[in-house]
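**Student:** Once you have looked at the hints, place chain D on chain E.
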Amino acid sequence: MKYQIVIAGFGGQGVVFLVKVLAICAGNRDIAFLGTENHGMSQRGGAVSCDIKIGDFTNPVIDKNQADVIIGLDSNESLRNIAFLKTGGTMVVNAKPDYPSLPFTVARADANAKALQGAFPIQGLNVYMLGVALAGVKDFPFSVEEVEKAIAQMNPKVAQQNIKILQMAMNDCK
Amino acid sequence: MKQTLMGNDAIAWGLIHANVDMVSGYPGTPSSEILSGVQKIKKMLSLPIYAEWGANEKVGFEVAYAGAIAGKRACATMKQVGLNVASDALMSAAYIGNLGSMLLVSADDPGFYSSQTEQDSRVFAKFARIPVLDPSTPQDAYDFTKLGVELSEKFQIPVMLRPVMRVCHAREIIEMDETTEFKPNEGKFVRDVPRWGAVPRDGRFVQGVQQLERIETIAKYNWEHFLKPQFEACQGGELLIITSGTGYGFTQETLKDLGLEADVVKIIMPYPLPAKEIQACFDAYKKVLVVEEPYPCIEEQIAHPKVYGKNTNTVHKIDEMKKEEILKALQKIEFYKGENIYEAPKIDLGFSVPARPPALCPGCPHRDIYYAIMKVFKRKKSVYPSDIGCYTLGIAQGAIDSLLCMGASVAMASGYALADPTKDVVATIGDGTFFHSGIPPLLNAIYQGHRFVLVILDNSTIAMTGRQVTPSRVHRPIDIKKIVEGMGIECMEHHYSCQMHENVDFFKKVKEKYEANTSGPTVVVVREFCILDAERAPDFVPNIYVKVDEDLCVACDQCTTVYKCPPMSYNEKGKIEIDPFLCAGCAGCLEVVCPTDAFIVDENYLKKGM
Numbered sequence: 008m009k010y011q012i013v014i015a016g017f018g019g020q021g022v023v024f025l026v027k028v029l030a031i032c033a034g035n036r037d038i039a040f041l042g043t044e045n046h047g048m049s050q051r052g053g054a055v056s057c058d059i060k061i062g063d064f065t066n067p068v069i070d071k072n073q074a075d076v077i078i079g080l081d082s083n084e085s086l087r088n089i090a091f092l093k094t095g096g097t098m099v100v101n102a103k104p105d106y107p108s109l110p111f112t113v114a115r116a117d118a119n120a121k122a123l124q125g126a127f128p129i130q131g132l133n134v135y136m137l138g139v140a141l142a143g144v145k146d147f148p149f150s151v152e153e154v155e156k157a158i159a160q161m162n163p164k165v166a167q168q169n170i171k172i173l174q175m176a177m178n179d180c181k
Numbered sequence: 028m029k030q031t032l033m034g035n036d037a038i039a040w041g042l043i044h045a046n047v048d049m050v051s052g053y054p055g056t057p058s059s060e061i062l063s064g065v066q067k068i069k070k071m072l073s074l075p076i077y078a079e080w081g082a083n084e085k086v087g088f089e090v091a092y093a094g095a096i097a098g099k100r101a102c103a104t105m106k107q108v109g110l111n112v113a114s115d116a117l118m119s120a121a122y123i124g125n126l127g128s129m130l131l132v133s134a135d136d137p138g139f140y141s142s143q144t145e146q147d148s149r150v151f152a153k154f155a156r157i158p159v160l161d162p163s164t165p166q167d168a169y170d171f172t173k174l175g176v177e178l179s180e181k182f183q184i185p186v187m188l189r190p191v192m193r194v195c196h197a198r199e200i201i202e203m204d205e206t207t208e209f210k211p212n213e214g215k216f217v218r219d220v221p222r223w224g225a226v227p228r229d230g231r232f233v234q235g236v237q238q239l240e241r242i243e244t245i246a247k248y249n250w251e252h253f254l255k256p257q258f259e260a261c262q263g264g265e266l267l268i269i270t271s272g273t274g275y276g277f278t279q280e281t282l283k284d285l286g287l288e289a290d291v292v293k294i295i296m297p298y299p300l301p302a303k304e305i306q307a308c309f310d311a312y313k314k315v316l317v318v319e320e321p322y323p324c325i326e327e328q329i330a331h332p333k334v335y336g337k338n339t340n341t342v343h344k345i346d347e348m349k350k351e352e353i354l355k356a357l358q359k360i361e362f363y364k365g366e367n368i369y370e371a372p373k374i375d376l377g378f379s380v381p382a383r384p385p386a387l388c389p390g391c392p393h394r395d396i397y398y399a400i401m402k403v404f405k406r407k408k409s410v411y412p413s414d415i416g417c418y419t420l421g422i423a424q425g426a427i428d429s430l431l432c433m434g435a436s437v438a439m440a441s442g443y444a445l446a447d448p449t450k451d452v453v454a455t456i457g458d459g460t461f462f463h464s465g466i467p468p469l470l471n472a473i474y475q476g477h478r479f480v481l482v483i484l485d486n487s488t489i490a491m492t493g494r495q496v497t498p499s500r501v502h503r504p505i506d507i508k509k510i511v512e513g514m515g516i517e518c519m520e521h522h523y524s525c526q527m528h529e530n531v532d533f534f535k536k537v538k539e540k541y542e543a544n545t546s547g548p549t550v551v552v553v554r555e556f557c558i559l560d561a562e563r564a565p566d567f568v569p570n571i572y573v574k575v576d577e578d579l580c581v582a583c584d585q586c587t588t589v590y591k592c593p594p595m596s597y598n599e600k601g602k603i604e605i606d607p608f609l610c611a612g613c614a615g616c617l618e619v620v621c622p623t624d625a626f627i628v629d630e631n632y633l634k635k636g637m
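Residue numbers (the working numbering), protein chains in the order written: chain E, 8 to 181; chain D, 28 to 637.
It is worth saying that the hints were derived from the structure and are not from the lab. By construction, the Cβ of each residue, glycine as well, lies at the ideal position given by its N, Cα and C atoms. Among the hints, a few may not be true.
Claimed, not checked - Within a straight-line C-alpha distance of at most 27 Å, the following computed DSS-like cross-link-like pairs (lysine-lysine) qualify:
{"hint": "1", "chain 1": "D", "residue 1": "K69", "chain 2": "E", "residue 2": "K164"}
{"hint": "2", "chain 1": "D", "residue 1": "K67", "chain 2": "E", "residue 2": "K156"}
{"hint": "3", "chain 1": "E", "residue 1": "K71", "chain 2": "E", "residue 2": "K9"}
{"hint": "4", "chain 1": "E", "residue 1": "K145", "chain 2": "D", "residue 2": "K373"}
Claimed, not checked - In silico negatives: residues of chain E with every beta carbon more than 10 Å from chain D:
{"hint": "5", "residue": "F24"}
{"hint": "6", "residue": "V144"}
{"hint": "7", "residue": "E152"}
{"hint": "8", "residue": "E153"}
Next comes chain E alone, as it looks inside the complex (with noise of 0.2 Å):
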């Protein structure tokens, strides 16, 4: 296998929290991986993107037109990041509806207003999207079952509530 996904976000929003969950579902099965983060100086607020490639790959950077899939926490840095986004590549993204038109598969969730609707506390948020990713990439190279369990080797305390937001987000983009 091979396959490359970007997380785009800015400091704070728990980035590097989904690329330890993707590098343990790929050490589960035994798959070599290699990922790295990018940030400038900022601890909060800043932009941050992180590159996990996954399969016989030899560098942990994702260079542009090769990322199978980015994952967007935050609408403006999704479309920061798009360079990366391969042709037929899919944009998961937190966002408004007025998010813009793109030549590829967008799954797209308003993630923030489910958030300051009570349906799950902000610090989720990460976790709602892969959840919108779980549904929304035809290809993702993990199954529900692997990054449940991924999610649960993180951090068992609160592995049940981010289960329950996976699954929220998923039921949501049915």
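**Tutor:** Just chain D, lined up with the frame of chain E:
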């Protein structure tokens, strides 16, 4: 045993599995997690290891190096600009050597992600005449750490490990030792004055001659163990690619993506290189391309008419490695004639994506203090030198005029005050940076009577690199105020307040004091906290969340240009809106910041962490 690790954690495990029992250094992105990783493993397995941050890189290096002289296996960790600070010690250590092992880890940052220069530590190793190892991946980082420790003991000389950010902060499954059977080393200083205390000229001259001989021996070792087997496996042909570090992984992928084949040699030890042996292999090729980052370290050592690289304008000279850059280099030397597959099709969004420039965190006290300083010491009549740390981000508020390197704000305040006495010079420095290198220049300013204001922003942590503890917080607390008073002058003290008028009032007092001072610096310590400091912040943050009264907001830009808190931005109605997901509940903007008092308490704020 297989384990998913970040490069820096892999280095930490490598040190443990090489029985390194003294680790010192100074935090700096991308190196910081190495020493904190060792501390975690030490705690987890109750290992007898010294693993502590030094006051600065030079101190960290010297503590570890003395251990290596006394027979311990030691390591010093730092980032590439930190090596500048430690370089005085390194240059001499490279003559003297060690009995135990001395591994220097200097992490580079090609692409300037969080550094003021893009300098190449491999070139520094060459300058100091010590061997350097260049890992490509976290797995290499683990293996080369162990190798470096062994080589240092074998050749009795400090060895450098030079990982770049894409190794330090890369993550992969690595294969490491099954079990940890840690064996600490016996420290025993053996008196040998001609060696440990060599004085110029005779003593050091002898060591200089030995240094030259040693580096030649190591170059031969490099050939026999690392290079010859690789060159012997090569086929010959049109192109030979010589790479090191991340260059190797990027090269392999580019060749695969483009469907090309060429011999690739991975240089494990970029210095010292056996140039003649390597150049003799060029006969089998038409061209040789060197792929490395960020400086042409290998390329210059093996310079030859067939060699292409940065010095021939074939490979990019600045910024980090990209496959696209290798593709372009292959096009330039006419090895690849196809299209640029790494070029993204242009997409017209009809608007430009708004920039998200680096900013202080929501709720960070630095923002309020900068705001108060600028309220009292007006921009037009002031010069604001500042320093390296989170508070550097105050530059977005217009609160900083110049930056140089760690600790420079204090001496530069002296210089500005001497050069332009018509301006009020107000310097800012964090507590970590003050401890690191702010004390000698303050001493200098006091005894020479340089007149300026120095504001020490004390949040009791080295926040930017991941909140390592400062000397004010561990073991025996050291108080900045007493340090300043110990130099014979008063140190004004202020506790940050979320009520802005209190901060402004304090700086009015500072200005009075400064105007009354005819000579010497006026020094202030502001006691703050880091909003991300889980241990201390909850004691300070009032959890008062804010919204905007849209009738009062006149869109004057004050908050978005001078206060600059990330949750504040204009909405579609042209009024300021607070992003409820970003507001930290610090209440700092409720007073003074808005000329029309449009920021009001949001009683119904969606509480975080429900």
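**Student:** For a quick check of understanding: which of the numbered hints are violated here, in increasing order?
**Tutor:** Violated hints: none; all satisfied.
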